[in-house]
Amino acid sequence: MGKINFRRIDAIRQTQGQIGNHVIDEFVSGRLSRRDFIRRGTIVGLSFPAIGALIAACGGSETSTTAETTGAAPVAGGTLIIASGTPSAASANLDPVAINDGNGIVFLAQYGQWLTLSQNDLTLAGSLATEWVPNDDASEWTFKLNPAAKYSDGSPVVAADVVATIERLVNPDNASNSLSAFQTGKLSPGGTIAVDDNTVMFKLDAPMGNFPYIVSSDNYNAIILPASVTDTTKFATSNIPTSGPFMIESYDAVKGATMVRNPNYWGTAPLLDKVEVQFIDDLGAKVTAFQSGDIDVIAQFPVIGGESLINNPDVNLIEIPSTAHYQIHMRTSKGAFADKRARQAMSMAIDHQSMVDGLLQGKAQVANDTPFFTMFPSSGSGPAREFNLEKAKALMAEAAPDGFDVTLYSWQTQEIPDLAVLVQNAGKELGINVKIELRDDYYDSYWVSWDANTPGSDLGITDYGHRGVPDVFLNAPLLSVDKGGVWNAAEFANADYDAAVATYTSSVDLQSQQAAALKIQEILQDESPLMIPYNFNFMSAAQKNISGVTNSGMGQVYAENASKS
Amino acid sequence: MTSETQPIAKTPSQEMRSQLLRSKTFLLGNLGVAFWAICAIAPGLIVNRDPAEQNLIKKWTHPFTDGFVLGTDRSGRDVLSRAIYGAREIMFIAPAATILGVVVGVMLGLMMGYLGRVVDDILSRIIEALISLPVILVALLALTVLDAGRATIIGVIGFLFAPLIARTVRAAVLAERNLDYVRCAELSGENSLYVMFVEILPNIFGPIIVEFTVRLGYAVFTMAGLSFIGFGTQPGSPDWGRTIFDERTSLLSNVWWPSIIPAIALASLVVSINLIADAIQGVVDK
Numbered sequence: 036m037g038k039i040n041f042r043r044i045d046a047i048r049q050t051q052g053q054i055g056n057h058v059i060d061e062f063v064s065g066r067l068s069r070r071d072f073i074r075r076g077t078i079v080g081l082s083f084p085a086i087g088a089l090i091a092a093c094g095g096s097e098t099s100t101t102a103e104t105t106g107a108a109p110v111a112g113g114t115l116i117i118a119s120g121t122p123s124a125a126s127a128n129l130d131p132v133a134i135n136d137g138n139g140i141v142f143l144a145q146y147g148q149w150l151t152l153s154q155n156d157l158t159l160a161g162s163l164a165t166e167w168v169p170n171d172d173a174s175e176w177t178f179k180l181n182p183a184a185k186y187s188d189g190s191p192v193v194a195a196d197v198v199a200t201i202e203r204l205v206n207p208d209n210a211s212n213s214l215s216a217f218q219t220g221k222l223s224p225g226g227t228i229a230v231d232d233n234t235v236m237f238k239l240d241a242p243m244g245n246f247p248y249i250v251s252s253d254n255y256n257a258i259i260l261p262a263s264v265t266d267t268t269k270f271a272t273s274n275i276p277t278s279g280p281f282m283i284e285s286y287d288a289v290k291g292a293t294m295v296r297n298p299n300y301w302g303t304a305p306l307l308d309k310v311e312v313q314f315i316d317d318l319g320a321k322v323t324a325f326q327s328g329d330i331d332v333i334a335q336f337p338v339i340g341g342e343s344l345i346n347n348p349d350v351n352l353i354e355i356p357s358t359a360h361y362q363i364h365m366r367t368s369k370g371a372f373a374d375k376r377a378r379q380a381m382s383m384a385i386d387h388q389s390m391v392d393g394l395l396q397g398k399a400q401v402a403n404d405t406p407f408f409t410m411f412p413s414s415g416s417g418p419a420r421e422f423n424l425e426k427a428k429a430l431m432a433e434a435a436p437d438g439f440d441v442t443l444y445s446w447q448t449q450e451i452p453d454l455a456v457l458v459q460n461a462g463k464e465l466g467i468n469v470k471i472e473l474r475d476d477y478y479d480s481y482w483v484s485w486d487a488n489t490p491g492s493d494l495g496i497t498d499y500g501h502r503g504v505p506d507v508f509l510n511a512p513l514l515s516v517d518k519g520g521v522w523n524a525a526e527f528a529n530a531d532y533d534a535a536v537a538t539y540t541s542s543v544d545l546q547s548q549q550a551a552a553l554k555i556q557e558i559l560q561d562e563s564p565l566m567i568p569y570n571f572n573f574m575s576a577a578q579k580n581i582s583g584v585t586n587s588g589m590g591q592v593y594a595e596n597a598s599k600s
Numbered sequence: 213m214t215s216e217t218q219p220i221a222k223t224p225s226q227e228m229r230s231q232l233l234r235s236k237t238f239l240l241g242n243l244g245v246a247f248w249a250i251c252a253i254a255p256g257l258i259v260n261r262d263p264a265e266q267n268l269i270k271k272w273t274h275p276f277t278d279g280f281v282l283g284t285d286r287s288g289r290d291v292l293s294r295a296i297y298g299a300r301e302i303m304f305i306a307p308a309a310t311i312l313g314v315v316v317g318v319m320l321g322l323m324m325g326y327l328g329r330v331v332d333d334i335l336s337r338i339i340e341a342l343i344s345l346p347v348i349l350v351a352l353l354a355l356t357v358l359d360a361g362r363a364t365i366i367g368v369i370g371f372l373f374a375p376l377i378a379r380t381v382r383a384a385v386l387a388e389r390n391l392d393y394v395r396c397a398e399l400s401g402e403n404s405l406y407v408m409f410v411e412i413l414p415n416i417f418g419p420i421i422v423e424f425t426v427r428l429g430y431a432v433f434t435m436a437g438l439s440f441i442g443f444g445t446q447p448g449s450p451d452w453g454r455t456i457f458d459e460r461t462s463l464l465s466n467v468w469w470p471s472i473i474p475a476i477a478l479a480s481l482v483v484s485i486n487l488i489a490d491a492i493q494g495v496v497d498k
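Note that the protein sequences, when read in sequence, are chains A and B.
The opening position of the first sequence corresponds to residue 36 in my numbering, with each subsequent residue numbered one higher.
The opening position of the second sequence corresponds to residue 213 in my numbering, with each subsequent residue numbered one higher.
Quick caveat, the hints were computed from the structure, so don't treat them as lab data.
If you're wondering where the values come from, they're calculated on a predicted model, not measured in any experiment.
There may be inaccurate statements among the hints.
[As the list claims (entries may be wrong)] In silico BS3-like cross-links for lysine-lysine, where the CA-CA straight-line distance does not exceed 27 Å:
(1) A/Lys375 / A/Lys290
(2) B/Lys270 / A/Lys463
(3) A/Lys369 / A/Lys463
(4) A/Lys428 / A/Lys398
(5) A/Lys369 / A/Lys290
(6) A/Lys375 / A/Lys579
(7) B/Lys270 / A/Lys398
(8) B/Lys498 / A/Lys428
(9) A/Lys470 / B/Lys236
(10) A/Lys470 / A/Lys290
(11) A/Lys369 / A/Lys470
(12) A/Lys579 / A/Lys426
Please build the complete structure, drawing on both the sequences and the hints.
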């Protein structure tokens, strides 16, 4: 860091609250790297100009966190054809409250907008909100809306719309897919308040340092809709006004949909006339259609099966490091893995590095059986999960010398079948006979034991999408059920863990988060309710004549700046 | 003292056996089926690599490289071992399902052909309805509702083949029922069961054997089709249909061996069975 211009820093300080100034202090004192400062700064509401000015005042050069996309020269007009899978039953009507899979998310990005935008470098950018600030303990967050924002019918986006949208999503009676995200964000019904037409305040149940992510594109269900909308269940055919660059023209739940340019779009007008989404489930068919030029973009593809796209110089490969991952849960409360030593043994018998190098061809990062991925600054330098077959066998000899049989449940998507076979082979080394059942009803019956009719499973694989912060991963799948662990497939209940997560969630500075994160990682590696061998890159493909298409690790495909030459 | 040896006339079944043993297609077909039967019973005699053993850094090793005669698949597993071990499931399920179908079909066909009248009318209408349903679709439905284990697959394929076999057997029985030996048995007071199973059945054995071999080929295809779409086998199983499904996208990267080798194995088994069926049909028709 070069010479520090304290006068310039003080000028910026005066515009910030206590938490903003704390982040500035950490950066000036050298406890935050430039990258981490940019990221923390965007979370607590520092604007990009202010961040750039602070970096310059500390002797660096002003910088932008957005990357320029390159490709063919932009041309106006045309239809962009995106291949995506058929949305799940919950997503079939494109109801923003219910959408629960990547195939539904592809749509939300075309016509929906969020208060904030989670970017691929894990920073936050404004979208419908231009600025946001916390109070002194981060238990209240105030968002300013962009006064220029308006819907496709020309009406403005106002605070009452945000209140109505968020209240619908936090209402437990609405079967909202984002309920767990808002529980993580400590936001309850009645907590969203319109201060004036352009100002919204979120009064949280407890301090939450990463709250702006809870209303970002990471929480994909939270697209803002007009307050007048009371029923979203038939969204695909309801002509509900939206604020995004495109709007739905036609929709067929089997074939796909066409979206046309929003004539009242308040941002830069899209170059494309239309975006067409075609439902193609089979990867081979998708790749063949892409190679023949019938489709322009494949929204997402796995490394396994997608090799012909990865190694093809004629393909515009879009690869985004993400925190998307698979959680392999081992039920802690009963059954085959009730003994902690059996869980530890299983975890130690899986070679994470060779999975990344071999199975994923390096298109992933090694993880250590906790949701603290290396991408998250708050992860700090947590302990690595040891691959040690001898130690694993010794643990199994103590826990279950005769081995045992167990069924691994999951569903057929992406790399899951291959991952399941790897787990099966690791089990074989320890005398664990793993039978694999891939079922369409995994999420209905064999994921979480909701009640007597849903048995859950002793061993299962669940796919999790990208998040810009680890909060959702730490809460819903791992907290004790009475503390909000609604996706707790491992039935993990540990008071020390719950307390450590509470500390982490309420921390607003990176050092405190890292301290809590270290404790969490130690507990998770010791108790081993989950195996998380890696987090994988988000892979998408576009034709060479397509430019301006951007993706997010969560699965959004943004066509706002796309063009087709 | 000398004695003249008279040539002893062969019985029809002896003549049939003799003709079959002189048939090259029959011998070739049997050779193929015998090879896959040995693979299914004792694969360890032919290959010594574990078909499930993964070596991720040896993904897609070309054939005849690093000691892998037929290369490796996307998980670095030996393609040759998987092709040999892959015969196990299909060589058990397909014959078992066919035997079940033949047993049920023969009983139904005998009853329809011999008892006739109301029994024939009712069973014929039911069978016509069943035959009109596509085998793979009905199998899919059944396996979705029921547990898709081995026993269910055998039961479903056997149940779906039984009406087809019953029709063939019925036709054969109709040709026999008015012959003298049947009349004699009836006049001597034998009951219907005796006439059907002791008198008629041995005389329609030829068509039944032909039907068995033809249906066996179809059973192999049906089983492979079901495992291709994910029924009856676990992920990672070396079963041919499953492997073709799992490895099919490798073709897009010009990696042909993980999917084409099991396809060739499957084709060779079906062709072998059909060669046997053709040879038997030729002899029966003479």
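These are the hints, each one checked on the structure:
1. Straight-line distance between C-alpha atoms of A/Lys375 and A/Lys290 comes to about 48 Å, which puts the hinted pair past the 27 Å bound.
2. Only pairs whose Cα atoms come within 27 Å are accepted, and B/Lys270 paired with A/Lys463 is accepted, the gap being roughly 21 Å.
3. Only pairs whose Cα atoms come within 27 Å are accepted, and A/Lys369 paired with A/Lys463 is accepted, the gap being roughly 21 Å.
4. The suggested pairing of A/Lys428 with A/Lys398 is violated, with an alpha-carbon distance near 30 Å, which exceeds 27 Å.
5. The hinted pair formed by A/Lys369 and A/Lys290 fails the criterion: a straight-line CA distance of about 44 Å is larger than 27 Å.
6. Note on A/Lys375 and A/Lys579: the hinted pairing is violated, with a Cα-Cα distance of about 51 Å set against a maximum of 27 Å.
7. As the CA atoms of B/Lys270 and A/Lys398 are separated by approximately 17 Å, the hinted pair is consistent with the 27 Å bound.
8. Of the supplied pair hints, the one linking B/Lys498 and A/Lys428 is violated, its CA atoms being roughly 66 Å apart against a limit of 27 Å.
9. Proposed proximity of A/Lys470 and B/Lys236 is contradicted: the alpha carbons are some 44 Å apart, above 27 Å.
10. A distance of roughly 35 Å separates the Cα atoms of A/Lys470 and A/Lys290; the hinted pair therefore is violated under the 27 Å criterion.
11. Straight-line distance between C-alpha atoms of A/Lys369 and A/Lys470 comes to about 18 Å, which keeps the hinted pair within the 27 Å bound.
12. Pair hint A/Lys579 plus A/Lys426 does not hold up; C-alpha atoms about 50 Å apart against a cutoff of 27 Å.
Checked against the numbered hints given earlier, this structure breaks hints 1, 4, 5, 6, 8, 9, 10 and 12; the rest are met.
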